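Given the sequences, and given the hints that come with them, work out the whole structure.
Note that the protein sequences, when read in sequence, are chains A and B. Quick note: the first sequence uses the numbering used here, first residue 90, plus one each step. Quick note: the second sequence uses the numbering used here, first residue 6, plus one each step.
There's no promise every hint is true.
[Stated by the list, open to error] Restraint ranges, calculated between C-beta atoms of paired labels, are given here:
1. B:Lys-126 to A:Asp-91: 48 to 58 Å
2. A:Asp-91 to B:Gln-250: 35 to 45 Å
3. A:Pro-111 to B:Phe-147: 48 to 58 Å
4. A:Arg-153 to B:Lys-126: 24 to 34 Å
5. B:Glu-193 to A:Arg-151: 31 to 41 Å
6. B:Thr-144 to A:Val-152: 29 to 39 Å
7. B:Arg-159 to A:Glu-122: 42 to 52 Å
[To be verified] Sample of chain B residues facing chain A (criterion: CB under 8 Å; computed from the structure):
8. Phe-147
9. Phe-150
10. Phe-181
11. Asn-182
12. Arg-187
13. Ala-191
14. Thr-237
15. Val-240
Don't read these hints as lab results, they were simulated from the structure. Only a predicted model underlies this, so the values are computations on that prediction, with no experimental measurement involved. The C-beta atom is built at its ideal place from N, Cα and C for all residues, glycine as well.
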Amino acid sequence: MDEVEIKKLVDEVFVEAFEIEPERLRSEMRIFEDLGIDSLDIVDLVVALQKKFKIQIRDDERVRKIRTLGDIYNFILTLKGETHFSEV
Amino acid sequence: MRREEIFHLKKILLNLIFYPSFVLVTVLMPAITIFPMVLFRLTLGTRKTLYILRTLIRCYGSIVVRILPFPFVRVEYEDFERDKNRGACVFVCNHRSSSDAFLMGCLHREVVQVVNNWPFKIPVIGMIGRLAGYLSVRTMPFEEFQRTSCKLLREGVSVVAFPEGSRSRDKTLHQFNGAVFRVAQAAEVPIIPICLSGNQDIPPKGSGVLNPGTIKIHKLPALEWESFKDLTPFVVKNKVRAVIQEELERLEA
Chain A
90 MDEVEIKKLV DEVFVEAFEI EPERLRSEMR IFEDLGIDSL DIVDLVVALQ KKFKIQIRDD
150 ERVRKIRTLG DIYNFILTLK GETHFSEV
Chain B
6 MRREEIFHLK KILLNLIFYP SFVLVTVLMP AITIFPMVLF RLTLGTRKTL YILRTLIRCY
66 GSIVVRILPF PFVRVEYEDF ERDKNRGACV FVCNHRSSSD AFLMGCLHRE VVQVVNNWPF
126 KIPVIGMIGR LAGYLSVRTM PFEEFQRTSC KLLREGVSVV AFPEGSRSRD KTLHQFNGAV
186 FRVAQAAEVP IIPICLSGNQ DIPPKGSGVL NPGTIKIHKL PALEWESFKD LTPFVVKNKV
246 RAVIQEELER LEA
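Structure, rendered in C-alpha cells:
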C-alpha cells in the first residue's frame, strides 16, 4: 500500500464517517480546530480507521500526538511499514 | 457632550449600580430561600424541591440580566413563544460572555445547564449550581454525563449547553463539542438552537467591566429527533452550528 493509496483511504474515512467535503481534506488541516473533530469523534475515527485499514490502533500512544490530517497519513504509513509520507 | 463621553458615563453608572446590587441579590436570594427550601425538601421531597430551586435560579438569572443593568443593558427576545409548551429538549447556544448562563433564565421551563469547572468555584453561585444538579462536563466521564443527562430529560428537565466549550473572544463561532448532541440522540429529544448576539462586551471575556448595549436572543426552530436520529453526532453538531452561524450573520449584518 503506497502513500497515495493511504491518503485516498484516510480521506474516504473522513468523507464516509463525518461527511466532510473532500476539498477540505488537506495535510495541513488541524483535526480539532479546522475539521471540528472532538474527543468523542476521535473514538469513531479510530474505529473507522481500524476497519478501513484492518489495523489495531486503539491503544497506540502515538494517536495522542496526532494534530493534523498529515499526521494521520504519516501514522498509518508508519503502521503499514512504509517510508515517511511526504506532504501532499 | 460627545457620543463617546455619554457612552463612558453610562458605562461607569452601569458598573457602579450593577455590581453592588448583583452582590446583594446573590447573597440575599439564598439567605431568604434557604429555610423554605429545607422545609420543601422535608415536606415535598427531592424532585419538587429541585423544581422550585431551578425555578428560583431562573428568576435570579432574569433579575441579573434584565433588571439590575436596566436601562443601560437591554435584552431583546425573538420567537420566544415558539416551542414554549413542548417537553424536555436540549438547548444549544453560542457562547460569548459570562452573562450567557444568566440569560438562560429567559427559558420558561425547568432547565439544568452544562457548565465548565470554573462556575462551580464561584462562591454561592457554584454551590447552588451543584445543588440544582448542574452538569460539569469537564469532570464527568462522558458515559456518566450521558446517563445523567438522559435521566434529567426523561424527568422533563431540559438541558442547556454551550458546545463551543469556552467563550469566543472575537465573535467567531468556535467548533462544537458533540457530547450534548449525542445525548439528544440517545434521549430521543429535539434540539433547539439559541442564538445570542450583542453580549460579547457585557462583559467581554477576560474582563468584568460591563458595557452598555443591547443583547439579542433568538430562539430558532427545533430540530426534531426524527430528522437527526440516523445522522452521525459529528454531522448533527455541524448542522446545528451552521444554523446558529447563519442566524448570527443575519443578526449582525
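Using the Cβ atoms, figure out if Lys-126 of chain B sits within 48 to 58 Å of Asp-91 of chain A. 53 Å Cβ-Cβ, so the 48 to 58 Å window holds.
Please test the hint of 35 to 45 Å on the beta carbon pair from Asp-91 of chain A and Gln-250 of chain B. holds, 39 Å
Mind checking the CB of Asn-182 of chain B against every CB in chain A and telling me if the closest is under 8 Å? Holds. Min distance 5 Å.
Is the hint on Thr-237 of chain B kept, meaning its closest Cβ partner in chain A is under 8 Å away? Holds, because the Cβ-Cβ distance from Thr-237 of chain B to chain A comes to roughly 7 Å (cut-off 8 Å).
Take the C-beta atom of Thr-144 of chain B and the C-beta atom of Val-152 of chain A, compute their distance, and say whether it sits inside 29 to 39 Å. This hint is violated: roughly 23 Å between Cβ atoms.
Pairwise beta carbon distance, Glu-193 of chain B to Arg-151 of chain A, judged against the given window 31 to 41 Å: About 38 Å separates the Cβ atoms of Glu-193 of chain B and Arg-151 of chain A, which means 31 to 41 Å holds.
For the hint on Arg-187 of chain B, does the least C-beta distance to chain A fall short of 8 Å? Status holds, d = 7 Å.
Quick check on Ala-191 of chain B please, does its C-beta sit within 8 Å of some C-beta on chain A? For Ala-191 of chain B, the interface hint is violated, since the closest Cβ of chain A sits about 12 Å away, which is over 8 Å.
For the hint on Phe-150 of chain B, just tell me whether its beta-carbon gets within less than 8 Å of chain A. violated, 10 Å
Val-240 of chain B was flagged as interface toward chain A. Is the shortest Cβ-Cβ separation under 8 Å? holds, 5 Å
May I ask you to test the hint 48 to 58 Å on the CB atoms belonging to Pro-111 of chain A and Phe-147 of chain B? Hint violated: Cβ distance 30 Å, outside 48 to 58 Å.
Starting from the range 42 to 52 Å, see whether the pair Arg-159 of chain B and Glu-122 of chain A falls in it by beta-carbon distance. The hint (42 to 52 Å, Cβ to Cβ) is violated, given that Arg-159 of chain B and Glu-122 of chain A are roughly 35 Å apart.
Checked against the numbered hints above, the structure breaks hints 3, 6, 7, 9 and 13 and satisfies the rest.
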